[in-house]
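Number of protein chains: 2
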Amino acid sequence: MTSSSIIMAHGSGGRLSNMLINELFFPAFNNPVLNQAHDGALLTMECNQLAFSTDSFVVNPYFFPGGNIGDLAVNGTVNDIAMCGAVPKFLSAAFILEEGLPINDLKEIVNSMAAAAQAAQVKIVTGDTKVVERGCGDGIFINTSGIGIINHQQKISPENAQVGDVVITNGYIGDHGIAILSQREGLSFETTIQSDTAALHTLVATILNASANVHLLRDPTRGGLASTLNEIAQASQIEIRLQESAIPIRDSVQAACNLLGLDPLIIANEGKLITIVPQVDAGAVLQAMQQHPLGKESAIIGQVLDRNVGKVTLETTIGSLRMVEMPLGEQLPRIC
Amino acid sequence: MTSSSIIMAHGSGGRLSNMLINELFFPAFNNPVLNQAHDGALLTMECNQLAFSTDSFVVNPYFFPGGNIGDLAVNGTVNDIAMCGAVPKFLSAAFILEEGLPINDLKEIVNSMAAAAQAAQVKIVTGDTKVVERGCGDGIFINTSGIGIINHQQKISPENAQVGDVVITNGYIGDHGIAILSQREGLSFETTIQSDTAALHTLVATILNASANVHLLRDPTRGGLASTLNEIAQASQIEIRLQESAIPIRDSVQAACNLLGLDPLIIANEGKLITIVPQVDAGAVLQAMQQHPLGKESAIIGQVLDRNVGKVTLETTIGSLRMVEMPLGEQLPRIC
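Listed in order, the protein sequences are those of chains H and P.
Here our numbering is used: the first residue of the first sequence is 1, the next is one more, and so on.
Here our numbering is used: the first residue of the second sequence is 1, the next is one more, and so on.
It cannot be assumed that every hint is accurate.
Copies of the same chain look alike in the list, so a pair counts if it works inside one copy or between any two.
Stated by the list, open to error - SDA-like, lysine to any residue: derived pairs with alpha carbons at most 25 Å apart:
hint: 1; residue 1: 311; residue 2: 21
hint: 2; residue 1: 107; residue 2: 212
hint: 3; residue 1: 155; residue 2: 36
hint: 4; residue 1: 107; residue 2: 190
hint: 5; residue 1: 123; residue 2: 49
hint: 6; residue 1: 311; residue 2: 259
hint: 7; residue 1: 311; residue 2: 26
hint: 8; residue 1: 123; residue 2: 46
hint: 9; residue 1: 123; residue 2: 150
Please keep in mind that the hints were generated in silico from the structure rather than gathered at the bench.
Bear in mind the structure is a predicted one, so any value in this text is a computation, not a measurement.
Please construct the entire structure, taking both the sequences and the accompanying hints into account.
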């Protein structure tokens, strides 16, 4: 490519657009469907139940400890598909680039996307690139949309948490949000806190294999555990009661939260899920999750009650009970 | 909604995000799949051939004569799906909002999307909203991705233009680009030139009904006819020869192009397609197109030759022959 940074003509639909496509996107995402170069991708798939999801990523900064906007964008949509109980198959990738973005940054991001897609066994099959003038964007925004196949009969839904069920997570919460915040604010802690960005679909497969009655899967991203569990409590019209002592939080993340006055329950995660299963299956699900590479620190963190319908409560380490509110606004903007 | 413009908290995943979703998006896009409020949409569809496409829209200004970024975003992805020869079924909608965007503008845009989706008989089934700080975006960017079903056996592909084929378009070219440009630059002509934004999938169905051997469908958006036809000429390794006198251009658009020194062949369209069919079917296809509301001014504009392989040529009104080049760069940025 002749320029070292993105110029308006890269979004023109003309020769420079084609160079970007042919010299960067096609080689990185290389697969037969993408290479058809059609207005869209033609997919052959035997199915009758699909999951379809979309997410735009505007994380700032776009490089951060443990990842970048590229692998985040792939893993984020893979996870949304997986939380529907589906096996992710195909992704789209749409870029909004700001004039002046270094092409080397774009290359690194695109290569991370390609690596994340390969790791998650999904294909990036169609895409789009737009360029906006300097000052009308912020480096790079990426939208990924995805299609997955549902090949089981379990009813997984935000409305399906049932009294007596058990709430399980796959490990330490708050890593992603604190990693971004540290990078953005130039904070340094004793250890570098890394984003937990990861594709969770094989962990979901493990869970679906361990129980035939998984009631709920969700990834607590923006708004953290507090938002996700409040949404579930409202949708299912139940109470979720958490045990503070059972929630896995790294000492470094807890220390950063104390320093910054943040509640770890509202910090974003990008490699965590919560699943809600009948109590009778909880042991088997927990054990299976702990044997998965992304579930070693899995823990039962709470249960589903019928007392404070639509609410989330927390039994603290000192034995008191407090409400966990849906956060009103934005403690940490541009986290994903 | 308590605020008259978008604030960062609308993208937080917290209560204000939920208000936007529950008070604006859900009522506008109302359908049972969306209302599941899952991480993604669960779709039941019997099929084995799908089309999947994505497009981000950054058009500036976001309101323009004949439409706005909302109906443009719906029609654009509907058309990309249709150009694959598929029937569009489901769309996603992902918003990147700039802090300070008037909520009334967002409402008008969302209502236009809902109306366009209803007109095109597609459902908006899943979505996402992000907010960026003032100065890090430009009012509103929208990504739509779409899924369509292919229910015929025709081989429609950019590589499938064949020597002897005929090139047909469904009407006046250049309207969209000139409408945007006039609005942006505050130019006024004798008549207001309106964007041609429209959903073309029923016109595509008409074409597929009129010929069992449709070789190619494409919508000449960014980069106009010149880009689209050059891409086809290269992919199919043929020459496309256009007849200048046959290309439908409004007097007002031609006059604006003359004034601005622009070639109408590179101006973007949002409600036009070109189809390439065997000569033997051309009459039937043209007649069928002319009876469709979006095809009244359909015309045969050129043919496929084997002389200047990979090139597009134009026989001018004075009988000379000129090359139609792929535009290098950006004559009209942020056109879609």
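Here's how the hints hold up against the structure:
{"no.": "1", "hint": "311 with 21", "in the structure": "between (49 Å within a copy, 20 Å between copies)"}
{"no.": "2", "hint": "107 with 212", "in the structure": "neither (43 Å within a copy, 43 Å between copies)"}
{"no.": "3", "hint": "155 with 36", "in the structure": "between (36 Å within a copy, 12 Å between copies)"}
{"no.": "4", "hint": "107 with 190", "in the structure": "neither (31 Å within a copy, 47 Å between copies)"}
{"no.": "5", "hint": "123 with 49", "in the structure": "both (19 Å within a copy, 16 Å between copies)"}
{"no.": "6", "hint": "311 with 259", "in the structure": "neither (28 Å within a copy, 64 Å between copies)"}
{"no.": "7", "hint": "311 with 26", "in the structure": "between (48 Å within a copy, 23 Å between copies)"}
{"no.": "8", "hint": "123 with 46", "in the structure": "both (17 Å within a copy, 22 Å between copies)"}
{"no.": "9", "hint": "123 with 150", "in the structure": "both (17 Å within a copy, 20 Å between copies)"}
This entry does not satisfy hints 2, 4, 6, going by the numbered hints stated previously.
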